[in-house]
Every structure is written in structure tokens, then in C-alpha cells.
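Student: The lines below spell out each chain.
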Amino acid sequence: MAEASTAPRARHGSGLNLRLWLPLSWVTLLVVVAVFARWIAPHDPLAQDLLLERLPPFFMSGSEPGYWLGTDSLGRDVLSRMIYGAQIALFVSVIAASATCVFGSVLGMLAGYYGGWAERIISRLVDIWMAFPPVLFAVLLVAVMGTGLTSVIAAIALIDWTRFARVVRAETLVQTRMDYVDSARIGGARRASTLWTEILPNVLPTIIALLMLEMGIAIIVEAILSFVNLSISTDDPTWGSMIAEGRNAIHFAWWVLLFPLIALFFSVLSFSVLGEGLRQRFDPVLQ
Amino acid sequence: MLLKTLITRLLTMIVTLFGVAVVVFTLVRVAPGNPIAMMLPPGASEEDIARLTALYGFDKSLVQQFFIWLGGVVQGDFGTSITLRQPVDQLVLSRLPATLELAAMALVIALLLGGTVAVLGARNRGTGTEVGLDLTSGAVLSIPDFLWGLIFVLIFGVLWPVLAISGRIDPRIEFDFATNFYLIEGLLRGRFDVVGSTLSHMVMPAMSLALPLAAMIAQLLKQNLKGELVQDYATIARVRGFSETTVILREALRNAALPTIALVGVQFTFLIGGTVIVERLFAYEGLGNMAIDAVINRDLPLIQGIVLLFAAIFIMINLIVDLSYTLLNPRLRHG
Amino acid sequence: MTRTVLDIMNLTVNLPNRTRILRDVSLSLEPGEVRALVGESGAGKSMIGKAVLGILPPKVRISEGEILLDNEHLGAMTPVTRRNTVARMSALIPQDPLTALNPLRKIGPQIVDPLRRIHGWSADKARARALELLDRVHIRAPERVMASYPHELSGGMRQRILIAAAFAPSPRLIVADEPTTALDVTVQKEILKLIRELQRETGTAVLFVTHDMGVVAKISQKVTVLFAGKVMEDAPTEQVFSGAAHPYTRALINATPSSADPSRSFTPVPAQLVADLHREIAQDDHLYMTVTS
Numbered sequence: 005m006a007e008a009s010t011a012p013r014a015r016h017g018s019g020l021n022l023r024l025w026l027p028l029s030w031v032t033l034l035v036v037v038a039v040f041a042r043w044i045a046p047h048d049p050l051a052q053d054l055l056l057e058r059l060p061p062f063f064m065s066g067s068e069p070g071y072w073l074g075t076d077s078l079g080r081d082v083l084s085r086m087i088y089g090a091q092i093a094l095f096v097s098v099i100a101a102s103a104t105c106v107f108g109s110v111l112g113m114l115a116g117y118y119g120g121w122a123e124r125i126i127s128r129l130v131d132i133w134m135a136f137p138p139v140l141f142a143v144l145l146v147a148v149m150g151t152g153l154t155s156v157i158a159a160i161a162l163i164d165w166t167r168f169a170r171v172v173r174a175e176t177l178v179q180t181r182m183d184y185v186d187s188a189r190i191g192g193a194r195r196a197s198t199l200w201t202e203i204l205p206n207v208l209p210t211i212i213a214l215l216m217l218e219m220g221i222a223i224i225v226e227a228i229l230s231f232v233n234l235s236i237s238t239d240d241p242t243w244g245s246m247i248a249e250g251r252n253a254i255h256f257a258w259w260v261l262l263f264p265l266i267a268l269f270f271s272v273l274s275f276s277v278l279g280e281g282l283r284q285r286f287d288p289v290l291q
Numbered sequence: 044m045l046l047k048t049l050i051t052r053l054l055t056m057i058v059t060l061f062g063v064a065v066v067v068f069t070l071v072r073v074a075p076g077n078p079i080a081m082m083l084p085p086g087a088s089e090e091d092i093a094r095l096t097a098l099y100g101f102d103k104s105l106v107q108q109f110f111i112w113l114g115g116v117v118q119g120d121f122g123t124s125i126t127l128r129q130p131v132d133q134l135v136l137s138r139l140p141a142t143l144e145l146a147a148m149a150l151v152i153a154l155l156l157g158g159t160v161a162v163l164g165a166r167n168r169g170t171g172t173e174v175g176l177d178l179t180s181g182a183v184l185s186i187p188d189f190l191w192g193l194i195f196v197l198i199f200g201v202l203w204p205v206l207a208i209s210g211r212i213d214p215r216i217e218f219d220f221a222t223n224f225y226l227i228e229g230l231l232r233g234r235f236d237v238v239g240s241t242l243s244h245m246v247m248p249a250m251s252l253a254l255p256l257a258a259m260i261a262q263l264l265k266q267n268l269k270g271e272l273v274q275d276y277a278t279i280a281r282v283r284g285f286s287e288t289t290v291i292l293r294e295a296l297r298n299a300a301l302p303t304i305a306l307v308g309v310q311f312t313f314l315i316g317g318t319v320i321v322e323r324l325f326a327y328e329g330l331g332n333m334a335i336d337a338v339i340n341r342d343l344p345l346i347q348g349i350v351l352l353f354a355a356i357f358i359m360i361n362l363i364v365d366l367s368y369t370l371l372n373p374r375l376r377h378g
Numbered sequence: 069m070t071r072t073v074l075d076i077m078n079l080t081v082n083l084p085n086r087t088r089i090l091r092d093v094s095l096s097l098e099p100g101e102v103r104a105l106v107g108e109s110g111a112g113k114s115m116i117g118k119a120v121l122g123i124l125p126p127k128v129r130i131s132e133g134e135i136l137l138d139n140e141h142l143g144a145m146t147p148v149t150r151r152n153t154v155a156r157m158s159a160l161i162p163q164d165p166l167t168a169l170n171p172l173r174k175i176g177p178q179i180v181d182p183l184r185r186i187h188g189w190s191a192d193k194a195r196a197r198a199l200e201l202l203d204r205v206h207i208r209a210p211e212r213v214m215a216s217y218p219h220e221l222s223g224g225m226r227q228r229i230l231i232a233a234a235f236a237p238s239p240r241l242i243v244a245d246e247p248t249t250a251l252d253v254t255v256q257k258e259i260l261k262l263i264r265e266l267q268r269e270t271g272t273a274v275l276f277v278t279h280d281m282g283v284v285a286k287i288s289q290k291v292t293v294l295f296a297g298k299v300m301e302d303a304p305t306e307q308v309f310s311g312a313a314h315p316y317t318r319a320l321i322n323a324t325p326s327s328a329d330p331s332r333s334f335t336p337v338p339a340q341l342v343a344d345l346h347r348e349i350a351q352d353d354h355l356y357m358t359v360t361s
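Residue numbers (our numbering), protein chains in the order written: chain A, 5 to 291; chain B, 44 to 378; chain C, 69 to 361.
Source of the hints: derived by calculation from the structure; they are not laboratory data.
One should not assume that every hint holds.
What the hints assert, rightly or not - Some chain B residues judged to face chain A by a derived CB distance under 7 Å, without partners named:
no., residue
1, Ile57
2, Ala74
3, Ile92
4, Leu197
5, Ile335
6, Val338
All figures in this text were calculated on a predicted structure; none of them were measured in a lab.
C-beta: ideal position from N, C-alpha, C; glycine also.
One chain only, chain A, in its complex shape (with noise of 0.2 Å):
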């Protein structure tokens, strides 16, 4: 007993701030580096100067004043398309996200709450969309609906959902079975009514931290998918097709890889952090 009540005490006392500090840092720089990237980004993130090839970064020799992250293989400048790439990854990350999480918490609490033929199709859905291999089934998608970031958010959501809708039926099963919802249905409330006022404010921490990790993988599933040459034009500023374009380049110019990279590493880690803390502090069995 007392080791079990020790362990994560000390982790809290230390730690909770800077785990709680650190994440939230980044991803408000990230915000604001997306909002200000007309005024911050140094250059322009599509202009191509040949001259101005494979730069390397300011702390290397032959690096050129101005274009501190370096260049890639068409003279544009790193640290200029990883700011307009802050844009792109956060508007997937929230646009995406929610999309998943709504499409997705609105068939878990139909089939937790609900029960009968709506909880057995839905789960026998989550057991198909389970058995494709996710990365073969966004690329699919996205080549069937078109490359652009519509496309990429749509498909986010459509493969994804599944993550909510099993946490959220399994959450809103326990909360159904819970004597408060059957009083309130005594009391007269319609059955829709409760799940919306009874059952939704009771799930919704659980959503949220959802919601959180969500953020983290639809950025890389952007990254994938630009990777894979299906996200939106290669032109386009993206940390994926930086990636990827760095990946090809690799041998002459690692920088290209390496800066968004470190973006990426960093939002992923960040958002993983801030849903795993708001899990913890929401889970009653954790308290």
C-alpha cells in the first residue's frame, strides 16, 4: 500500500508543473507562430532560388545570413516553410480533430446509451474499420476522394473515429447503468434529453483528453500522408512533404529532414502530455 501511494505522489509534487508547463509552451508558440507567419517568416516559403540551393544552417560553414534554418534542394527557406507549416498542421490538428472526435463520441454514446441494433451495427463497424491497417486505409481514402487537405481531414475522420466511439460507448455505458440517469428518467426527462444532460457532462473529460491525442496524430497522419505524396501539392509548405522532401535529399542536405522533425516530435509529444495529464486528472480511478 504505501509504495502504490507513493510513486505518483512524487511524481506530482516535482513534476506536474513542467508537465504541465512545458507542452502548453510549445503549443501556444505554435499558435502564434501560425497567426504572425505573414509577419514572422522571413521569406517568402514558395519562392525557389536556385543560387540559393542546399543552404546550410546558421551554425555551419557556408551558411548565408538570413536563411538561419538553411535551404532545401530549390533554394526555399527552411525556417520560413516550417513557420507557414505551423499553419497547415494546426488547422488539420483542430479541424480534424474535432471532426473525429464529434463524428466519433456521437456513435459511441448512440451505441452505449441506446443499446440493441444501434450498439450491435455500431460495433460491428469499429470491428471492420479495427481490422484495416490505418495508414494503407488513409492512403486509400485520400486517393479515392482527391489530394488536398479536405480530403486529409476527411479521412482523419473517417478512419479515426473509431478511437472515440469505443472509449466514449464503453464511458457512457458505465454512466447509463449509473442510478442518478435512471432517477432523471423517472423524474420525466425524455430519454434523448438525458443522454444530452445527464450522460454528455459526465463523458465529456474523457472526450477532451481524446480530443488532446487526437490533435498529436492527426498532425502526423498530415506528415504521413504529405510523406506518401497525397496530402496537397509538394509546392505546398507542409512539415510532411519537408519530411519527405528531406528523406529524398537526405545524403546532401539532412537539415531538410531534421528541422521538421523536431516540429513535429515536439507537437506530437506536447498534445500526448497535455491529454495524458487531463486523462489523469479527470479518471476517478486515478484519484
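Got chain A sorted already, so can you dock chains B and C onto it with the hints?
Tutor: Coordinates of chains B and C only, in the frame set by chain A:
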């Protein structure tokens, strides 16, 4: 009891596979772009296109096409690849060994690494070491395989180039493979140059796939180990003079592993799903890489075949996990 | 020097914040003697056994005092020597037979492995010894039981197996930590009788932790009464029951429903007495903190 569960599970499996077949079939048919037009040289005559369309059955209705295809699948005929002009089952089976070897290697790495970290964490429970291991595995867990792959490419492919970053084997190696299990065959036939080259191509993709799973095993198994180590049977073993490490390995590990298996099974299917992008990243000639090519080339029969195979593998793994959980637990084994 | 199996001298056990779980406890056991450790829950009676066996919970430390097992100072040994000495000299009969056997291992190795480790016996010799002891605790078909998993056996059966396992290496001391608390009343009697018999035959000393004064009367020759980690009374069992010196001991006896005579009335330990004792200990604590800081 066990038999009844098994039959129910098999029926569910068939329904799920049928569902996957319907979804993938519908998806690839609504995709824009005429696959036949893509395989013919520009300027091909209308008759040529019509002839090929009929050959692949694309002139029939969707429902007809579906059942023709499904009828073939049931008899083991998955159709013919449009771009590679070979039977799909042959193509798929030629690539499957590469993916299986990769996934198996990743699983072994994940089990060893995750298991070791879990035992270390449990051994040092309540200390700074445990907190450090927890934080590390938490961070490792949240970084997906794709990013690990890129990180490894950068580190071991460029900054410290000790490993091969693309392909499956050094093309200069002369070796007449009887199967496509390069690693296993190399080992069995004692060709250690083949083994070495295969491994050096496999280490990075396998590690990329293994790390998230290893982190998850480390966390879950450690939590379960800690639960077991406060049980009386562990205390009694300590009183009998067994060291803490022996108590963990001999007494607690088996009990802690059992509830871990179920979750690891699900996570292992994610690992196999991850091979698609990781193979792409390392230009590893496996099933996933072929699948992405098939999508890009609109090779409908090939896409269908690969997706169906992946789905079958996922479902099989889930079944095996469930069965092994029952078989490993003596309380369930006897009814 | 008298020949004692266990000698505990001025043992104080602390939490990291210096809260004392055991306060200056002294007691000793001679060969063949059964000493009961009584007290209400939280009195620290189990902690004494755990301190002897070296299985104190994490963060709980021995801050003062000495434990001598067969006249050897446990505190002076290296951890490995201490572990081996404790394993050779002593054994534990736990409270809950359901969790004390590893559910995924067969009974046989769970008795045989420790014997091989403690005495370096061959597999055959250890197995023969295990069978002998299982037979001794009245287990029919011991061969079959050795090949069984714990879940296939009843609670009483498992407790008998644990008793056999405890006695099998011929320890000098057995710590029995409320071994009958988790069992049915009918099984309780049988288990008590078994421990008593085996203890007499082998001359093993037993430190018997219990909260049940009825059990104390049946099994022990000496009694140590604990309250909040402090020894209230240490006396021969007969003397305690004929006229205990300490009011708390008398209160405990009155508070125990007698399993032999259910009609006898019992009264809970008076709250006033408990409050007085706590006040006394609080003053003592204050002194302790001032002296040691």
C-alpha cells in the same frame, strides 16, 4: 465452453472479413481515374480499352463484380494485378515473408526491451530510477513509429552511417533464395553475410515499430508486476531467501504477464499496421510498400487482396491472443 | 548466555517522518515456546514478525534496537547473509491462504524449490521431504496435490499446505501471522491443532500473531500485549488469564467473544482507557522527538 467461444469467434471473424471486403471493394471502385487507361500507352484505341475492361470485368455492375471477385477469393483466386500482370496471391505471398520477418523481429525487440524495462522498474520501485523509466517510456510511447523511423534515418543513416537506410538486403550479395524469408533462410543455410545484411537493413525499421510497443509493455507489465509483488506468495518467497530479482522473474512475472498479453495483442496489430508506412520510409520490399504503390497506381485487385490479407492477419492475432490467454491460465483451462 | 531462538531488544521501527510503528519493543522466545503477540489492528503486532523476517514494507525502517536469531545479530550481517540466515532459521505462515500460493505454479515446486535453495538438497530428497510433510498435515494423495494448481484446492487445504511448507525446512522459528483469521471457524480449530502438534513434535518456537484472545488461550505459553506499537504487558498466558496486570490486557480479554463459550458476554475496550493510553504515548512521542532532533 471453449469450443462454443471458438465457434462464435470464428463466425464473427467471417462477418468482419466480409465487411472489410465490402468496404474496400466499394472504396476502390468509387476512386476516380480509369485503371485500364493507366496501363495502356497513350493513344491506345477504344477497342483495346474496351477489351481490357471486359477482361478485368469492369464492364459489369458493381454488385456483379463484387460477387465474381468474392467467389474467386473463396476459391483462392484473388484476381490479377493490373500493373504487375501477375496473380495477386502470388505477388502478395512473395512480399508477405518480408513483412512477417519485420513484424516478428519488432515484436521480439519490443518484448525483450519492454520486459527488461518493466522488470528494472519493478525491481527499483519507489525510487528515482522508477520515475525516470516511467517518464521515458511515457515519452517513447507518444512518439509514433513513423517519427522513430525518421529519427533513426537521420541518426544511423546520416550522422553516424552504420546501418542501411533502404532496401531489404545488399543487392551485391549473390544468393539463390528458395523462399522469401531471407533472414530465416540465411540462418538455416549458414550464410552469415546474408543474415548480417538482412539484419542491418531490418534493425531500424524493426526498432521504429518496436519502440512504442516496448514502452507500452514496460508500463503495463511494471504496473502488473508491482501488483503481484505485494501478494503474500511473493513475501513468502522473500522469506525463503530468494532475491528480489528471482522473486520477480520466477514468481511474479508469469502472473503479471497474463493480463498484459491481451493489451499487447491489440497493440501488436497496430504494429503490423505500422509496417505500411515504415516499409515505405525504409524502401523495405514488403507488403505495405507494395500496397502504397498499388494505391498510387490504382491497381484495384492488388489493393483488395492486400487489404483483405492484412485484415485476416489482424483478426487471427486477436483470436490467438484470446486463446493463449485462456490456455496460459490454469484457472480458465479447466473450465 | 541463555539459549534463545529469538531475542528482540529495544526494537523501534519508524516511518520516514519518524512516526514510530514499534516503540522500544523487547521480547524473547526459547526453543519450543509459543508466544502470542496480541493487540488490536494497527497495534504493530504484525510488524514485529515482519521486522524479524526482513519483510518490512518499503520506507519502514528499523531505527533502533537489535534482533538476534539463534544468538546471531541480524543487524550486523550483510543483506545477503541476513536473507540466507533468516531463510534457514525461520519460516512464515501467512494470514490468507488464498494469496499465499502462486496461482500459476503447481504446489509441488512451491514447496520443493525453497527446500533445495535453503538446504541445497537434491530434487529427490526435497520432494521426499515435501511428501512427508504433506502426509503429516493429513493431506490425502499428496502426490496428486503436488501436481495440482492452488485454485483446485480448498482454503483449509491450502493453509495446511502452507503449514507443511513452513515446517518442511525444519526452521527454529515460525512466524504465524494470524493464520486462522481468514478461515471458517471449524477449519480454524483444526489448523490451530495442527500447528500446535507440529510445533510440539519439532520443538520449533512460534511467534503467533493474533487479535483473538480465545486463540491465545489455546495455543501460547507466553503473551505479549501491544498497544500503538508499545508493549503493555509481557507475561505467561495462564497468568494473563487469571489476572492480567495491565488494565488494557483485561479490557482485551473482556472484549473477545469466546468461541468456546458463545454465551459469555463481552464488552468493547472502553474508549476512556484508549484515550488515556494515547495521551501517554503522545507525551512519550513528544519526548522522543525532542531528544532525537
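Student: Hints broken by the structure, by number, lowest first?
Tutor: 1, 3
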